[in-house]
Amino acid sequence: MTDSPFDQIIDRRSNHAMKWVKYDESKLPMWVADADFRCPQPVLDRVQQQLDHGILGYHKPEMNTELYDAVIGWLARKHHWDIEPEWLVWVSGMVSSFHVACKAFCSPGDKVLVQTPNYPPMLGAAAMNRLKTMTVGTRLANNRWALDMDELAEKAADPKCKLFLFCNPMNPCGAVYTAEELAQIEEICLRHNVVLCSDEIHCDLILDEKARHIPAGTLPNIGEQAITLMAPSKTFNIAGLGSAFAVIRDPEIRKQFHRASLGILPWITVLGQSATVAAFTQCDDWLTEQIEYLRGNRDLLMTGINKLNGFVYTPGQATYLAWIDASGLGVNDVQQYMLDKGIAPSPGADFGNNKFTRLNFACPRSYIEQALDRLR
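Under this note's numbering, the first residue of the sequence shown carries the number 1, and numbering increases by one thereafter.
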């Protein structure tokens with residue numbers, strides 16, 4: 001064990017945390033992408049300051065210049081991306097934004113591209129909006145997951161295809177797409193007039209020191225048209241505050257997206273705004289420590305899992321999610337196998353492959369050790 005603050009065990013079951021109450025107490029929850037780490041102290045202090053004010057009414061983010069400055073500063077420092085304030089559209093989260101994009105750029109009967117495997121809300125967004133889903137596979141090559149570009153080009157050519165819901169870094173595989181790969185995606189989408197909507201919620205959790213995240217909005221040809229979705233929620237463990245944003249450079253696309261969001265997307269709450277400002281201006285050191293801790297968790301999990309018969313774990317370049325091949329177990333129901341061992345991961349079937357399992361390793365290291373002991 002280390003002396004890291006990330007080792008702290010916090011009782012979340014008594015607080016009714018979804019992650020901890022879905023399964024009974026005999027199961028170690030390692031499923032939903034929700035960290036078991038205490039939020040950075042500056043975030044808690046800023047939220048407490050707002051609570052102490054005593055009024056939690058309507059606070060439009062468009063009136064909060066400090067919020068704009070925080071986001072603009074963060075993107076410049078962390079992603080070398082200089083944006084204009086008017087490019088920002090405030091949203092409550094990624095999932096609702098997928099539905100807004102479907103409504104904004106598609107009509108009933110149109111088709112939406114989604115890469116697989118992928119997390120359930122993205123896979124299900126098209127059907128919920130009376131649209132058809134077209135999936136594009138992901139392949140493991142040279143110990144790295146990569147999008148099947150030939151399949152992407154083939155399916156994007158369908159005249160009914162209007163939108164590509166893209167995830168970078170990818171959930172659950174953890175791939176961070178290279179400039180060369182993004183150039184291919186850019187060219188394919190432009191050639192077939194497909195709107196690129198990029199979920200980049202994990203972009204600040206890059207574990208591979210050689211990888212660099214490239215926002216869709218910075219791409220030289222399609223960047224102006226792209227919808228880049230970002231949030232502090234996974235990075236700083238504040239998903240419950242519903243704070244996120246889209247960066248859309250093109251005025252007409254931004255107008256379409258915003259119009260489709262009316263009556264669907266609520267404002268970012270006043271507490272979400274406060275947390276975002278603190279996270280993006282005061283928590284760089286905390287984030288550095290968290291990433292180092294996650295690397296240690298990943299390495300421990302990788303070493304332990306790959307010593308077990310039936311499992312193969314090829315670590316991704318980003319996120320705190322492990323996409324683990326369990327096909328070697330030879331069982332019909334991988335999820336039930338894991339539950340029988342006392343571990344509650346996310347079922348691979350929910351992501352498009354029932355022979356895999358997804359484990360969340362954003363937790364105290366002792367939980368990783370418990371999980372490995374149970375699997376042994």
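Think of the hints as simulated: they come from the structure by calculation, not from any bench.
Accuracy of the hints is not assured; some may be wrong.
The list that follows gives simulated cross-link-like pairs (lysine-lysine, DSS-like), each with its CA atoms no further than 30 angstroms apart [unchecked claim]:
| id | residue 1 | residue 2 |
| --- | --- | --- |
| 1 | Lys22 | Lys341 |
| 2 | Lys160 | Lys103 |
| 3 | Lys19 | Lys255 |
| 4 | Lys60 | Lys103 |
For each label pair, taking beta carbons as the anchor points, the in silico distance ranges come out as [to be verified]:
| id | residue 1 | residue 2 | range |
| --- | --- | --- | --- |
| 5 | Gly263 | Ser107 | 43 to 49 angstroms |
| 6 | Glu62 | Asp340 | 49 to 55 angstroms |
| 7 | Asp299 | Asn354 | 43 to 49 angstroms |
| 8 | Met149 | Arg212 | 17 to 23 angstroms |
| 9 | Gly109 | Gly137 | 30 to 36 angstroms |
| 10 | Trp267 | Arg295 | 33 to 39 angstroms |
| 11 | Lys160 | Glu66 | 42 to 48 angstroms |
| 12 | Asp340 | Met302 | 20 to 26 angstroms |
| 13 | Asp148 | Lys210 | 22 to 28 angstroms |
| 14 | Arg212 | Gly137 | 22 to 28 angstroms |
Glycine included, every Cβ here is placed at the ideal spot set by N, Cα and C.
For each hint, the structure was consulted:
no.	hint	result
1	Lys22 / Lys341	holds (16 angstroms)
2	Lys160 / Lys103	holds (15 angstroms)
3	Lys19 / Lys255	violated (36 angstroms)
4	Lys60 / Lys103	holds (23 angstroms)
5	Gly263 / Ser107: 43 to 49 angstroms	violated (19 angstroms)
6	Glu62 / Asp340: 49 to 55 angstroms	holds (51 angstroms)
7	Asp299 / Asn354: 43 to 49 angstroms	violated (27 angstroms)
8	Met149 / Arg212: 17 to 23 angstroms	holds (20 angstroms)
9	Gly109 / Gly137: 30 to 36 angstroms	violated (24 angstroms)
10	Trp267 / Arg295: 33 to 39 angstroms	holds (36 angstroms)
11	Lys160 / Glu66: 42 to 48 angstroms	holds (44 angstroms)
12	Asp340 / Met302: 20 to 26 angstroms	holds (23 angstroms)
13	Asp148 / Lys210: 22 to 28 angstroms	holds (23 angstroms)
14	Arg212 / Gly137: 22 to 28 angstroms	holds (25 angstroms)
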